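Q: Residue strings, one per chain:
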Amino acid sequence: MSELRQEAEAIAEQFSDHTDVDPDDVEERLTTLVDEYRVPLDEASRSVTNSYLEDAGMERDELGRGGSEEVLVNDIDEDEQWVDLRVELVDLWEPRSDSISQVGLLGDESGTIKFVAFETSDLPELTEGQAYELSNVVTDEYEGSYSVKLNRTTGITEIDEAIEVGDNADTVEGALVDIQSGSGLIKRCPEEDCTRVLQNGRCSEHGQVEGEFDLRIKGVLDDGETVTEVIFDREATEDLTGMTLEEAKDMAMDALDTTVVAEEMGEDVLGRYYRVTGPTFGRYVLVDEMEDPGTVDVESALIEARSI
Amino acid sequence: MSQSAPTREVARRVFASEFNDAGYTFTESDDERAPVYALLPTGESSNRVFFVGTLTEKEDVGEDSEYWRGRIVDPTGTFFVYAGQYQPEAASKLRDLEPPAYVAVVGKPRTYETDDGTVRVSVRPESITEVDAATRDRWVAETARRTVERVAAFDDEGNEYARMAREEYDLDPETYKAAALSALEDLDESGDELAGDAGDEPDPAGTPEP
Numbered sequence: 001m002s003e004l005r006q007e008a009e010a011i012a013e014q015f016s017d018h019t020d021v022d023p024d025d026v027e028e029r030l031t032t033l034v035d036e037y038r039v040p041l042d043e044a045s046r047s048v049t050n051s052y053l054e055d056a057g058m059e060r061d062e063l064g065r066g067g068s069e070e071v072l073v074n075d076i077d078e079d080e081q082w083v084d085l086r087v088e089l090v091d092l093w094e095p096r097s098d099s100i101s102q103v104g105l106l107g108d109e110s111g112t113i114k115f116v117a118f119e120t121s122d123l124p125e126l127t128e129g130q131a132y133e134l135s136n137v138v139t140d141e142y143e144g145s146y147s148v149k150l151n152r153t154t155g156i157t158e159i160d161e162a163i164e165v166g167d168n169a170d171t172v173e174g175a176l177v178d179i180q181s182g183s184g185l186i187k188r189c190p191e192e193d194c195t196r197v198l199q200n201g202r203c204s205e206h207g208q209v210e211g212e213f214d215l216r217i218k219g220v221l222d223d224g225e226t227v228t229e230v231i232f233d234r235e236a237t238e239d240l241t242g243m244t245l246e247e248a249k250d251m252a253m254d255a256l257d258t259t260v261v262a263e264e265m266g267e268d269v270l271g272r273y274y275r276v277t278g279p280t281f282g283r284y285v286l287v288d289e290m291e292d293p294g295t296v297d298v299e300s301a302l303i304e305a306r307s308i
Numbered sequence: 001m002s003q004s005a006p007t008r009e010v011a012r013r014v015f016a017s018e019f020n021d022a023g024y025t026f027t028e029s030d031d032e033r034a035p036v037y038a039l040l041p042t043g044e045s046s047n048r049v050f051f052v053g054t055l056t057e058k059e060d061v062g063e064d065s066e067y068w069r070g071r072i073v074d075p076t077g078t079f080f081v082y083a084g085q086y087q088p089e090a091a092s093k094l095r096d097l098e099p100p101a102y103v104a105v106v107g108k109p110r111t112y113e114t115d116d117g118t119v120r121v122s123v124r125p126e127s128i129t130e131v132d133a134a135t136r137d138r139w140v141a142e143t144a145r146r147t148v149e150r151v152a153a154f155d156d157e158g159n160e161y162a163r164m165a166r167e168e169y170d171l172d173p174e175t176y177k178a179a180a181l182s183a184l185e186d187l188d189e190s191g192d193e194l195a196g197d198a199g200d201e202p203d204p205a206g207t208p209e210p
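Top line first, the protein sequences correspond to chains G and D.
Residue numbers for the first sequence follow the UniProt record's numbering, so the first one is 1 and each next one is one higher.
Residue numbers for the second sequence follow the UniProt record's numbering, so the first one is 1 and each next one is one higher.
Next up, chain G with everything else stripped away, as it sits in the complex (with noise of 0.2 Å):
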């Protein structure tokens, strides 16, 4: 099925419960503003919603949701948005509240999320380990992070399935534009449950020690907008620049010297693209997925730059 008809039938069953929406004809609308007119797609459906809503003379808010949306929990990044989630409940926690029933962390393939729920809202209990799909509950923000709500209308149903809990992994895109310090070859302490960077041949924690060789890089990706740290382990590294240890051993030996690597690095990864993929720890992304976003797509960046 098109993405377009997809809208259609999904823009018919929001109006559904009011009046009678066909969605061939919904779907001829949003073909006429996408194919035609060039408007991009989430433009298009608004416009023709508005339209049937005026026409049938009714608020947008009275507009069912037609079923919220299914969605990962590490991709909710609005307030107040009704969802519905497929997770395992992989923690519970102590209320700190007599208004509250359960709090703890719901899980899913993408990562871990903090839930509530409320006494008033008289749902049944959940089980910590169990498997569950919750429908309609509500997202919620308290200084950039985010939770969800169960409220009366949550649908809780037990699925017999064990759900892989991520974690929270995060996708950045942009220009590599520096390498910091503490990048290339380095040593690691070889103390046992210290892996610390040496400086100048010392461990900050066990001082002069015989130090292993490692690759990182330690890079900023950074798209115009914002900045992002992002580290590159050994295998990251090497899959990144095509340089092995052995071979960045090698170099160093030759030139008698560590920082050529790191500057070596540089000349193959500096001022190009990447689109990476790894959890959040810190202020970094560890990098564990790394793909370079190829071939820009310039009739679509027209249409968006003119669309703005």
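Quick caveat, the hints were computed from the structure, so don't treat them as lab data.
Accuracy of the hints is not assured; some may be wrong.
[Unchecked claim] Listing some non-contacts, in silico: residues in chain D with all C-beta distances to chain G over 12 Å:
1) Ala34
2) Glu59
3) Gly62
4) Glu98
[To be verified] Simulated coverage check for chain G against chain D, where a stretch passes if three residues somewhere in it have a Cβ under 8 Å from a Cβ of chain D:
5) 168 to 178
6) 285 to 295
Here the structure is a predicted model, which means the values were calculated and not measured.
Virtual Cβ for every residue (Gly too), placed ideally from N, Cα, C.
Keeping the supplied structure of chain G fixed, place chain D upon it in accordance with the hints.
A: Chain D only, in chain G's frame:
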């Protein structure tokens, strides 16, 4: 510097024609080490830029020591990049590169006033690397978008840099939007002709010698 990472300045995307008009600079505190910003005529502050273009000429213009000047051309005009002994890596890169070549530059805006009182804007590079046509095309598309976004926000209430631009410049932001869109249109056409292999030929220089 890299150590001050948490407050690292973002690298703005700006075409040469707009960058070269950004002759007004300011700081946001009285601290003598406060960062200096160039004011973009579309209403944004810029302490750092990232651009990709074609290096068309390079020349050692230094007297006592090497001081390299590079001309880097984008679809709207020419960036002037200067690197000397305090930018050893960028300077040696300019020494080694053979024009024409696509290069990506991260750097800081610098302004100087000529004897006749006009203000020239140039770039002091932090890094220069040779890149491919796909990177150049992506930069043009991204920079067109950022430029159009800035122009769209120009009349927003509370856009203090737009207010500053109105006070300091007599420049119409719409001209930069037009230039951005036409850069993107050219890219679209060259893409059609070369079946996606856009920009194997260096762009013709868009501005005359200053």
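Q: A separate judgement is required for each hint: does it hold in the structure or not?
A: Going down the list of hints, with the structure as the test:
Against chain G, the non-interface label of Ala34/D holds: every CB pair exceeds 12 Å, the least being about 19 Å. Non-interface call for Glu59/D relative to chain G: holds, since the shortest CB-CB distance, roughly 22 Å, exceeds 12 Å. Distance check on Gly62/D: its Cβ is at least 23 Å (rounded) from any Cβ of chain G, clearing the 12 Å threshold; non-interface status holds. Non-interface call for Glu98/D relative to chain G: holds, since the shortest CB-CB distance, roughly 15 Å, exceeds 12 Å.
Coverage of a stretch by a chain is defined here by at least three residues with a beta carbon nearer than 8 Å to that chain's beta carbons; for the region 168 to 178 of chain G and chain D the count is 3, and the condition holds. Counting residues of the region 285 to 295 of chain G whose beta carbon lies closer than 8 Å to any beta carbon of chain D gives 3, which reaches the threshold of three, so the coverage claim holds.
Hint compliance for this structure: no hint is broken.
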